[in-house]
Each structure stands twice: as structure tokens, then as C-alpha cells.
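Residue numbers (my numbering), protein chains in the order written: chain A, 1 to 283; chain B, 1 to 283; chain C, 1 to 283; chain D, 1 to 283; chain E, 1 to 283; chain F, 1 to 283.
Some hints here could point you the wrong way.
[Said to hold, decoys possible] Taking lysine to any residue pairs in the SDA-like style, the calculated list, with each CA pair at most 25 Å apart, reads: (1) E:K8 x C:A37; (2) C:K214 x C:G178; (3) C:K214 x A:L211; (4) A:K214 x C:A189; (5) D:K282 x D:G93; (6) E:K282 x F:V175; (7) D:K170 x C:A37; (8) C:K8 x B:A39; (9) C:K170 x D:F72; (10) A:K214 x C:G236; (11) A:K8 x C:A189; (12) F:K8 x D:D67; (13) C:K282 x D:Q206; (14) B:K170 x F:S2; (15) D:K8 x F:D67; (16) D:K130 x E:A189; (17) D:K170 x C:E38; (18) F:K170 x E:G85; (19) B:K8 x E:E38; (20) F:K170 x E:A64.
[Said to hold, decoys possible] Covered stretches of chain B, as calculated for chain C (at least 3 residues, CB under 8 Å): (21) 20–27; (22) 32–39.
The hints are simulated quantities; they were obtained by calculation from the structure and are not laboratory data. Virtual Cβ for every residue (Gly too), placed ideally from N, Cα, C.
Residues per chain are reported as follows:
Number of protein chains: 6
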Amino acid sequence: MSLPRLPKALVQRAVTDALAEDLGLAGDLTTDATVAAEAEADAVIASRQVGVIAGLDLAEAAFAAMDAGVRFERFCLDGARVGPGDVVARMTGNARAILTGERVALNYMGRLSGIASLTRRYVDAIDGTKAAIADTRKTTPGLRAFEKYAVRCGGGQNHRTGLFDAILIKDNHIVAAGGVEAAIARARAYAGHMVKIEVEVDTLEQLALVLKHKVDAVLLDNMAPETLRAAVRQVGGRALTEASGGVNLQTVRAIAETGVDLISVGALTHSAPVLDLGLDFKG
Amino acid sequence: MSLPRLPKALVQRAVTDALAEDLGLAGDLTTDATVAAEAEADAVIASRQVGVIAGLDLAEAAFAAMDAGVRFERFCLDGARVGPGDVVARMTGNARAILTGERVALNYMGRLSGIASLTRRYVDAIDGTKAAIADTRKTTPGLRAFEKYAVRCGGGQNHRTGLFDAILIKDNHIVAAGGVEAAIARARAYAGHMVKIEVEVDTLEQLALVLKHKVDAVLLDNMAPETLRAAVRQVGGRALTEASGGVNLQTVRAIAETGVDLISVGALTHSAPVLDLGLDFKG
Amino acid sequence: MSLPRLPKALVQRAVTDALAEDLGLAGDLTTDATVAAEAEADAVIASRQVGVIAGLDLAEAAFAAMDAGVRFERFCLDGARVGPGDVVARMTGNARAILTGERVALNYMGRLSGIASLTRRYVDAIDGTKAAIADTRKTTPGLRAFEKYAVRCGGGQNHRTGLFDAILIKDNHIVAAGGVEAAIARARAYAGHMVKIEVEVDTLEQLALVLKHKVDAVLLDNMAPETLRAAVRQVGGRALTEASGGVNLQTVRAIAETGVDLISVGALTHSAPVLDLGLDFKG
Amino acid sequence: MSLPRLPKALVQRAVTDALAEDLGLAGDLTTDATVAAEAEADAVIASRQVGVIAGLDLAEAAFAAMDAGVRFERFCLDGARVGPGDVVARMTGNARAILTGERVALNYMGRLSGIASLTRRYVDAIDGTKAAIADTRKTTPGLRAFEKYAVRCGGGQNHRTGLFDAILIKDNHIVAAGGVEAAIARARAYAGHMVKIEVEVDTLEQLALVLKHKVDAVLLDNMAPETLRAAVRQVGGRALTEASGGVNLQTVRAIAETGVDLISVGALTHSAPVLDLGLDFKG
Amino acid sequence: MSLPRLPKALVQRAVTDALAEDLGLAGDLTTDATVAAEAEADAVIASRQVGVIAGLDLAEAAFAAMDAGVRFERFCLDGARVGPGDVVARMTGNARAILTGERVALNYMGRLSGIASLTRRYVDAIDGTKAAIADTRKTTPGLRAFEKYAVRCGGGQNHRTGLFDAILIKDNHIVAAGGVEAAIARARAYAGHMVKIEVEVDTLEQLALVLKHKVDAVLLDNMAPETLRAAVRQVGGRALTEASGGVNLQTVRAIAETGVDLISVGALTHSAPVLDLGLDFKG
Amino acid sequence: MSLPRLPKALVQRAVTDALAEDLGLAGDLTTDATVAAEAEADAVIASRQVGVIAGLDLAEAAFAAMDAGVRFERFCLDGARVGPGDVVARMTGNARAILTGERVALNYMGRLSGIASLTRRYVDAIDGTKAAIADTRKTTPGLRAFEKYAVRCGGGQNHRTGLFDAILIKDNHIVAAGGVEAAIARARAYAGHMVKIEVEVDTLEQLALVLKHKVDAVLLDNMAPETLRAAVRQVGGRALTEASGGVNLQTVRAIAETGVDLISVGALTHSAPVLDLGLDFKG
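Let the hints inform the model, and build the full structure from the sequences given.
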């Protein structure tokens, strides 16, 4: 698996905005008052839990934004599994820059590593099946690029980025279009040839109707494993099959074993607890 | 308790940016293909869980940004407790606007309500004690104003907003300044007269040293309840007492009963699961 | 055919930026000096040529940005064919607003209508064939959303929006990956399941190699009509076929008659002359 | 002739925005999938046509924004005449950066070189006369600074930048002011002493009226060559004379030979076809 | 004299940015705590000094940005002379909006009215002469459009807006170009035909040299009145004459009486004390 | 006294925006026309008056933004007292960069040094008393961070940064809340524990009422020295005492001698004349 390259400009702006939020107009009052301008420091970011790392670029950029001279040494790459005490990165350089940049660096890394860690748990739970774990659009506003990247770091796969790069026809669209066949026809006529079309179905009857038309994927929503298995059979390779709804770490393996291609999990991005990372200064 | 007024410009920009993230250059392909431009819809946002609502302003702004004519009717105010099936708001107007704005509205409301709900659980857990639950700077980059607001909606109290509006002297600052007394002296000389000063202490000995000086608050870090109780006694009202570290829903009541003024909980903002809200269209 | 809905925020920002560019710090010196603040005007935008209209939303927004009270009445919709003298829209209201907003409105409408008009000529030229005319990424920096919309107004179809929403493997990618099969394999492993993959081929031998793998489309680059015809046969419906290179109004019909699905034309957006539109005040 | 220095911040922002438009949130899927992160490349930008180069700063900045280590070597300067096969610049460095930045670099350079090339054709066509070729405000929204720079690269001269830096009184202003004399008087009273005033006239009678007042330039709109010649005589050096309307490569020399000082041509910026430039990788 | 129309977008952005600066993330703590959300207020802005008003648009926009329902009634127009107690404007509507917007409104109006008031004193001091008072580029960064507008409100005239809209050749440019004649020649060759050229001279000998060439204005720097008088005679109407240096309210009349066309005064914008305006609530 | 560290991003943005304002789209016409691109220069910024320096970071950043190769050598630090002829900084490098950046550098430094100089005069005037001089929110919109920094450079102390970081209850708040005691109670209930509360009082009776409650500071508005002295006595150290109103260089010492802790002076930021600094090129 190859990780995506985070667009550099997104990283820069994210870090600039987060620092502005934390520094306001008056800056880091505590550090500026108590730490000499020229003081040097040597610190590490270490994990306090088992998990998967994501977001090193953002941490590095946060310290660099405070002082271009801070050296940021990586002890692992994004996507690495870590355990309690594992050192992730080391920063050496201006002490004020490291102290002031700490929270922004950790807020990004903790959140993204939390997402990568939860994703990894789902991916591990279905190991050996042919299914992949996918994310959704249930991301934190403003952080979608990073959160989808974190899902990749955890071994997951990205669903569409937004409303603009693929079509996913749901219940309300079908009602508005006057039926699933009309909806698919309209979507095909509307979208460019490089846009994939997926349709959500709730029952095998709906599925049969959808399969009369050429679609790229079907979203099998809230189906029990046995129904999913029947659906996969019914599709017979004519479209990708995606299961969603009622997925958790207890149910995910049974779902994967139905033969679906993808299992999408909103919780990856909307409810992952932070990975507990600490920044420690060396004596 | 009165809730803060979210600065309107922050709400506008947050919603504009989130919609831009979701719409890209090509917009909502699915809705634009399948739903007629002039179609009308009538939909509600309802809770699927027990929790506390936060973020109605953001949801309203998201729909209004898509179409100024969408009517947004509130069925409760931010801070309200809800249960499964409770309707929170109703949107009537242009169907495309409601469908396209749905995810941004729910992403904001779900996250903020998740924070408010978790905060409320902590606040309820210490009911009857004199302590308050406070947040930290462990917030999602870019969302601090909203997440701190959500903590208020859940009955919590805000700690400093950022590095700029209060002084919190921690270990590394003390080391850099050459001791806690030097650190306090420097902080006092540096900060304006409207800036409060808090000092983190790990032991009762450190606390004794700090109390020789006038500080506004002491952060009692990672102390067992009995030590906290001793610390509170030692402070004797000369400063606010704040407990932090090792706080969870199991331990928080015992901590509160030590007599501390505040208990700060990073998890409120860094690990709250989303509150499950759904947007349902009326037949 | 249904036209896309231009994201409203893109329209607003485009018009705001263009007006800022034209007004600078001192504003419209001529109008402010010579036209009374309260003067009213009644003006029309009319075509001076045969062509297709695109960009009415931008024109309306330009006048509204100068004065929210200007009434903008459309005499046709985007995508309409017009001829010399045809009135496209009428503006009534504050004279300064109409005079000051005129150039921004016309610069946008002229350029976009020029693109729509050229696209329409290509589309008309292949009438009766099964091929569609598609755009490319050779757009004006900053205007891609609008220019791709204008292609739609002219009856064309949109290729991928940018580097982010589809994969198009070209020569240099194949060389870098160490062969076309490795490139396709890497692309499939890397991209999410909603991302389509297209591969550029220069010869029928390359095409044979590509067709061993499942790809969504093949870009047949710079092939003569007879070769294109052979290629279409060879593909046999297993992928979309797109012709590019050497396409102009003289050659396009012969290309379309080879049976390709799509013909992409960079000139639509990089070399379309403006449609000559004028703004005339009523006596 | 000395070329203007493009404000560096404008170049930076233009390139940042254009890359953001092309990269979205997910970046260059194709390149990131198929090209190794550490691969190096050596490529050239070469012309495929006769023309004039403009925009090297933007191309250089586009590659530098992707990777500061890309070396950009110029084989000519902006304003140089080139022919098919002429190498314009060479890029060496990170392969991904060069591949990903390619389209933005070429979109800017192709468009600006197209403008410079068309301008040069007009300038060459009037060689030996005393007239200069000038641009107008009919530019692409957002690109005015660059397009006016490109006109300079082609040997043309810049008219006013926007509505803010000079006064140009047209028909509608004259009507609104209640006559040309009132309009000129108001303009003079309104504008600062460093602002020039030009008045548009359609007939020799209007010209006579205008010349009773001190103006810096007269815009002789849509006059036949013989009328222009009479107008130039009538002005007798008391103001600059500018011809506009009905100017094309067939008519421009006859217009220039009437003795006017300037000939303004909207087509330079609104209808110049792109200069065909290619980016080729070395074996 | 007609006042310029401040570009509306500049006013909006200025007010938005200033409110963001004052409100931060947490908003107006005091007002939100103590004033009921629905409370109404009725307040006036009144002058406490003799002076000239400027900036009503900004004040109105500040209150409107807080609450679109606040009614802003003007008791005078920009440029009006006021004395102690004179009411300038009245605001009625939401009390929080008026209280929170107060400081931004007054900060803008006080500063701009201060500039207008000081300008008016200079203008009055030279009443009856033919000279005009002009501003310089010595403005507050970010506020140039507004400060130059305020100079107009006080009866002054605007010099060039920035480095981009006129040429002013100073000592260092002359040295760099290798003499004043070379500098003028280069400037003429470089600048478009709508750009005026002014040259700074320190002595009558330099002036003689400059007058051999056609320039639009001469800046007579730091000359005593008798020298100025000689310079004006020497120029004899061939260029505008501008005096600068050593200008204050004591010297300005003598300077004006030398016959110069313009007297430029940096202090108008760099050292004007604020006009004391107060916002008072009605019982 | 230690000076605050100006957040680097604020400095960058301030300088970028100010240069954009001065350069527009066409740049520095004069310098680009007359000075060779490769010319070098050696120049100094020197004071022409007695005063205190502030803003060196902004000057350095202005030149660096024009050309990263300009060397900026400081001859003193912010906060230094200077006299006529004292050199403050020296710039060596590209001549165009120094000439074009000059005005932005001087506009910032002159204004900020003016504030620092005026502050220093107030601070010196009360030398030997225990009072400090404080600023207000009467700052130039957009420049608050820098102006408050300049007050520090002059030896003054910062009051709250904005409406968001401290509570200051004034007359109108008290009226709205229904009395001073209700206002204080509401403020305490509303604000986080790190927010200080100050209350404005006009009379000793009001003061007595306020002192029944725990507040951090009292603002003694417009009181004569004898009243101030009584107030200080009445407070007896239970809160900080701040005098405001009617403060000028004549009255400030008498006010300081009443024993108040702070004297706030709006004129520091709203009416400080610029410090006259010049940029001189070496022969």
C-alpha cells in the first residue's frame, strides 16, 4: 500500500490557521514570559498507547512555522504501528518554538492517529477476507483531506472525497427523480464519463431493479449478513458491493465474510478517540 | 447559565468553508442530476440517541448558505437534552438546498452535540458538589470556538481560549525559568493586569512553594483524591484549585468530592463520539 | 440535458475578486465623477454575433455586488443560441452600479459564451454520430469551474475536473512505473473504488496490452481515423474510447464517425475567441 | 523596452490558487500512484509554433511550489521570439513535482505567450509608423496583471489598469453628466492631479467640443482612416490620439498610418489563441 | 466638490476584519453576560470637538455586521463640519449589536474624522489662494483607501494612490538612472500613456534641467517661499507645481501664496489626532 | 522588562497586505523604469527626532518580502531610545527591493515608534510612582497586535486585547443588567475561571457597592486626584485600581501620585504623531 502525498499547500494552511487560533494577537504569553528567546530544547513525541501513527507532516510543519530552524527527525513513517513508550519523532532547536507549537502538533497528530488506529482495528478484524474498509463523508469540517489520509494510514480505503467526484444515489434522490431507473438515467446523462455511479438499495427487490442498469457500485444499506450474502450473489460481479449500517468491531467480520467488496464505517472519522501522544523534554 | 453568542462571522466562515470542501468545483452531482431545481422539501433533524444538542446556528447557516429561502425552525435550543426520536429542527424549502447542505449541517451538529453530551455526563456525575467541569486546549484545529461553545452547552466551563488570554505555567516553563518562583515573577512582570496566572504543581511541596506567591489558580496534576483533598486544604481559598489527569466518568465524582473548584477533561473535545442525528424527509 | 448548478459561493467570490481587480482602492473614477449617485438606468446586454450564451449568473452577481437593488431580467437561459441583436438580459436600477459593473459582467459572459459557442460548433459538426465532445484541463487558471460549465452550456461533456477526481495514465507515468501493466496495477491499488482509470495509448499494440486489464477508458492519442476505427473495434465495448489530438472543426466529423465515444478538444477552453456582447443603455 | 517586474506576491498567489484548483483535496492521483516519491526527472518546455514567450516567472513558481528543489533554467527571457522546437526552459529535479506542476505551468505560459504572440503580430504589422498598440480592460477576470504584462512582452503598451487609475469618459458618462463639457469639468474637479483624463468621441464635431478643454487623450471610436487622419490633424498635438474599433490585422496598418498615437485592441486579451507549448521528458 | 464612493467591498472587509480582531473566538464577554439577547437600545454618536466628519459608511457597516436590523440614521454627511455636542448619527435596534460594534465604529470614525479635520484646517488656512492641499503615501498600512477618502472629506486632494498609478522620480531614482534626463526618458518609455510623471527637484538648476523635458508635475522639495515663487515663475504653467517639506499650519499660507498648485502634507495621514466622538445611550 | 514576541504569521501577513496595497497590479512603476534590476544599494534608516523605536520586525519583513537577499542589520532593538541622526538599521542588497519596500517599512516603523515614543513620555512622567501606563482598545483597526506591542516598547502595559479576553463592565452594561450587583453576578456566572473582571465606577458610592463583591479591578473614571486618592484608600488592595479620563502629560503625574495601580491612556494609540524616520542611501 502506498500512502497519498498530502498536498503541501493544504498542510501549510492547516498549520498556519491552527497556530493563529492558538496564538491570537498576543502570542504564547507563558512561554514568552518564562523561556529565554535563545534557549534550546530537545524533545520527543512518544506514544502512550497501542495505535497507528498519522500526521507527521502536520507536526513537522507546525514546528517549522514557529522556527524554520527546528530539526524534526522521524522515528517512523505514517502508518506505522506503535506501542506505549515508542518514540515517534524528535525535535531539536529553539525551545520557544517547540513549546509553542506543541499543542497544534499534538492536536493534529493525536486526532489523525486516532483515526488511523481505529481504522487499523477494523482492517485487522477482517483480515483474510476480500473486503476493504472504507470511510464516509462524515468527517470533521475543514479536515476532510487529512482524515481521509489517516484512514489510508490505517489500511482503509477512501470513498468519494465529496459531493463533486462521484455520484451516490440515495432514497431521497430516487423519490425526487420518480423512481430508481429515472434516477440512474438522469445521473448517467448528467455526469461526465469519468464519474462513477453508486446506488443505495435497502432490499433485494430494489437491487434487482438497479441491476437492470449499468452502475459501478451498489450500497447495500443495513442488511443482515444473510441478506448481504444473497445480494453479493445476485450482483455476480456486475458492480462493486458496499455494505454499510450497523457496522462495529463486533459485527464487521461477519459482514466481511458475506463476500462484499467494501464495508464503509462512519465511525472511523466521526467517533475515533484520540491516540494519546505526549511531548517530553529531555533533561 | 447563559450560553455565549457565537460570533456570527465565525459561523458564516465555518459553513462557507465546509460547503466548499464538500462541493468542490463541480457541486453536488447527485442532487443536481436527480432533483428538479424547483422541487420543495420538508425535512427534520431528529436525534437517535440520548444526548445534548449543540450547533443549531451552524446547521441553520449551512442551509441558508445553499438557499436563503430555506426556513429553519428550531424545536429546542442549544443545551437541550434529547432522546431517541426527538425532533430538533425542521427545514422547509428548496429540496436541493436541503439535500446538499445536509452533511455539513449534520457533521457540525453531530460533533458539537457529541461534545455537549459527553460534557453533560461529566457534569451530571458530579452533581451536588461544588466543582465545575472545564475543557482544555485539546480541541480540533479550526473548531476551537465551536467546541468550547459545545462544552458550555453541556454545562461545562471554559478554560483559557488559547495561549494568548491567560498564563499557565507548566513543568517545562519552570525548568526554563530556573524555578517556579522565577517563573511566576517573570509571568507577573510580563503579562498585563487583566491576565490571570495559573501554575501546575505535581506535589504538595511544589504547591507550598507556589502559594508563597500570589497566583490566580493552581493546576493539581495527576494527584490521587486524598492528595487533592490535602491540596485544597493547603490552598485554603487563596487560589482556584483545578484537578487534571486520570479523570474519567468512573473517577470524576471522587475527584469532585475532594473540594476542588474545577476538573479539566481533555476527552470532552478530543475523544467525544458524535451524537447520532439523522435528517429525515417527510413523505 | 440538464446544466449543472454553479456553486453559489464560487460565483460570489469570482465576482468579488474581479470587481476588486477593476476598482482598486479608488473605485470607478469616471463614473463617480460624472454620474449622480441617485441616477437610474435601463440597459440591455445584447449579442452582436451568432453564438451560445453562458454565464448569466456571473453577470447578475456582478451588478448585485455593486447594488443589491439592480433588477436583472433574463431573456434567455444559459445554453441558448443567439444571433446579432438578440437581447440576453436587461438591467434596471442604479446607473453607477450598472456602469461600474459592466466590464466585469461582460468579461465573464463574453469569455464563457465564447467557450459555449465554440463547443456548440463542434457538437453540431458531429450531429448524428454517437460521439460526445469533451473538454480538458487546459483551462484558464482560476476559472476551471466556470469554463467547464460553459462547455456544458455548449452541449459538451466534462472530462475529469482536476488531478484529484480520476486517473489518467500517460506516457511519463508508464515509463516511471516501469510499464503500462505496472502502472495500471499501481493505480488500481492506490485509488479508491469510486475513481475511474483511463490510459493513454499511441498504438494498437499498446491498446492490446492495456485491454488485458480492466480500465474504464482508453485515450487514443493522435491516431488517424482508420486507426481509430480499428481501435474502437479492438476495444469492443470493454472500455470507453476517447480520441484526442489533431482535432479541429475540419477533422472532427471524420473522427466521430470512427465510432469513438468521446472526442476531447483543448481548444474549447484554451483558444475560444470571446463572444461579442454589448451593453447598451436605453435612450 | 524594459519589461515590468511582476509583483512577486501576485505570482505566488496565482500559482498557489491554480495548483489548489487542480489538486483539490486528494492531489495528483495518477502521479502519486505511479511515480516513486524519490524519482528524478529532466524535462524541457519547448514551443511548437512561432510566437513570443511570456510567463516564465509563473512556470518557475509552479514547479517551485511543488518542490523547492526543482531547478528551473531559462533558455530565453519573456518577450523572446521563438519557433517550433525552440526550448524555452528546462526543469530538473523531483519527477512528481514536475509532472504535477506541468499543467498549471503550461496553462499560464500558453495563455500569456498567446497574448504576447498576438500582440507582436499587431506591433509588427505597424512597424515604421509612430503608433503603438495598446491593450484594454477586456481581460480575463483575475489575470489582468499578467495579461497586461504579456501585452508588454509582445511589444504592446498598457492602457489604464482599471477603473481606478485613469479617467475615460464614454458616451454614457457624457449623457449622465449632461454634456461633454460638464463631464470633463466634473472629472477634472473630482480626480487628483496625477490622474489623466481621456474622452471618447465618435465624430469630428464632438472632437472640436472636447478640444476646447484640456484633456490628456482622445479616444477616436470606430472612425474610418480618413476621418482618423482629419482628427489627428484637428488635435494638432494638444492630446494623445487613440483609435479603437474595427481593428484587426488587416486594418491595423492603415489605421496606424493616419498618424494616431495609439491603437487599442481588445482582442489581444479577449481572443488570443494559446501558444502551443509542450513539456517533454528526456529519455 | 463631490466625494468619492468608497468601494463597498472594501468597507465590508474592513469592518469584518476589525470586528474579528476585537471579538476573537469568544466574542464580547461583557455584553453577552450582562445584556439580554433581545434588549433594544437607542444611541447616538456625537462629536465632543470641532472637526469634520468622515467614515459614516464604516460605522453603519459595523453595526449592520453585528445585526442587520440595526437602523442607522445619519444626521450629516461625510465632510460636514461639526462642533461639541453635534449628533452625527443615531442607532436604534438590538442593544448587544450596538454595544459590541461601538468600538470598531468609533475607531474608524474617530481616525478618519481626525484626518478630515486636520485636512480642513490646512485647507482653511490657504483659503483664497489657488493652491490645493494634497496627501501622500504616508498612510496607515491597510487603511489607505479610507484615509485618502478622509482627506477628500476635509477638502483636500489625493496624490497618487500607490506606486502603481503614477510615476514620481526622486533623488535615488535619478542617481540610479544616471541623471534626471535619463530617468525621465526611461520613465516615459516604460509607462503607459495614461500614467503621469512627476519629478522631484531640490534646486532651480535641477528644475531647469527637468523643464527641458515634458513632465506632468514637479515636486519642489523643501524650498523656501521665495525659491518656490521663483520656481513657479520658471515653470510658467508647463507643469503642475507641488511644494512639500517643512509644511505646517504656521507655514502653509506663505507657501500657498507663492503660487504653487499643490502643497502635499504627510501629517494629514501620519500624525492627525483622532476626532473625539462619543457613543451615548438614551435613558 | 521583556518584550513580547510578535507572532511571525501576523508580521508576514501585515507586510504582504501593505505591499499589495502599495504595489497594486502594476508594481512600482518609477523604480522599475529607472533602476536596473541588478543594481545594489546600501541604505540606513535613521531617526530625525528624539523617540523610542518599535517595529523593526516589520521593516525587516518588508524588505525580505521584496527580495529575500536583502540584508537587514539592526543597530538597536525595539524599545531603544534614539535621537536625531541615530541609525536604527542598515539594509544592503537589491536596490529595487529597498526602494520599493521603503514606504511600507517606514509607515509601520514610524507609526509604531510614534506610539512607543508617546508612551515613553507618559512612563517617564510618572517615574518613581508605583503606577503603570496602560493602553486601551482605541487602536487602529487591523493593527491592534502591533500597536499594543509598541506600547510595551515604550514601557507601557497592555490592557485587555479585545472584547474576548477580559470583562470590563461599564455604565451601559450595568443599566442593561439592572444594577451593578446583577451585572457582576452575571459576569461571574458567564465567564470562565481564567477571565478577570473589572468594573467601571464614577463615584465613591458606586465603588462601595462594587467592593461588596469580588472583582479583579476597578476603573475609576474621570475622577479628580483627590477623589482618586480616596478611592484607592477605599479599595485597600482588594482590587487593582485603574484611573482613566482627562489624562494628559500635564495631569498624569498628579494622577499617578494618588496611588492608583494603572493609568490608561487612549491617546497612546489613537493620537500619537509618527516618529520621523528617514531612509537614506549611501553615496
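For each hint, the structure was consulted:
no., hint, in the structure
1, E:K8 x C:A37, "holds, 14 Å"
2, C:K214 x C:G178, "holds, 18 Å"
3, C:K214 x A:L211, "holds, 20 Å"
4, A:K214 x C:A189, "holds, 23 Å"
5, D:K282 x D:G93, "holds, 12 Å"
6, E:K282 x F:V175, "holds, 11 Å"
7, D:K170 x C:A37, "holds, 17 Å"
8, C:K8 x B:A39, "holds, 18 Å"
9, C:K170 x D:F72, "holds, 23 Å"
10, A:K214 x C:G236, "holds, 17 Å"
11, A:K8 x C:A189, "holds, 23 Å"
12, F:K8 x D:D67, "holds, 23 Å"
13, C:K282 x D:Q206, "holds, 21 Å"
14, B:K170 x F:S2, "holds, 19 Å"
15, D:K8 x F:D67, "holds, 9 Å"
16, D:K130 x E:A189, "holds, 14 Å"
17, D:K170 x C:E38, "holds, 19 Å"
18, F:K170 x E:G85, "holds, 22 Å"
19, B:K8 x E:E38, "holds, 16 Å"
20, F:K170 x E:A64, "holds, 23 Å"
21, 20–27, "holds (count 6)"
22, 32–39, "holds (count 3)"
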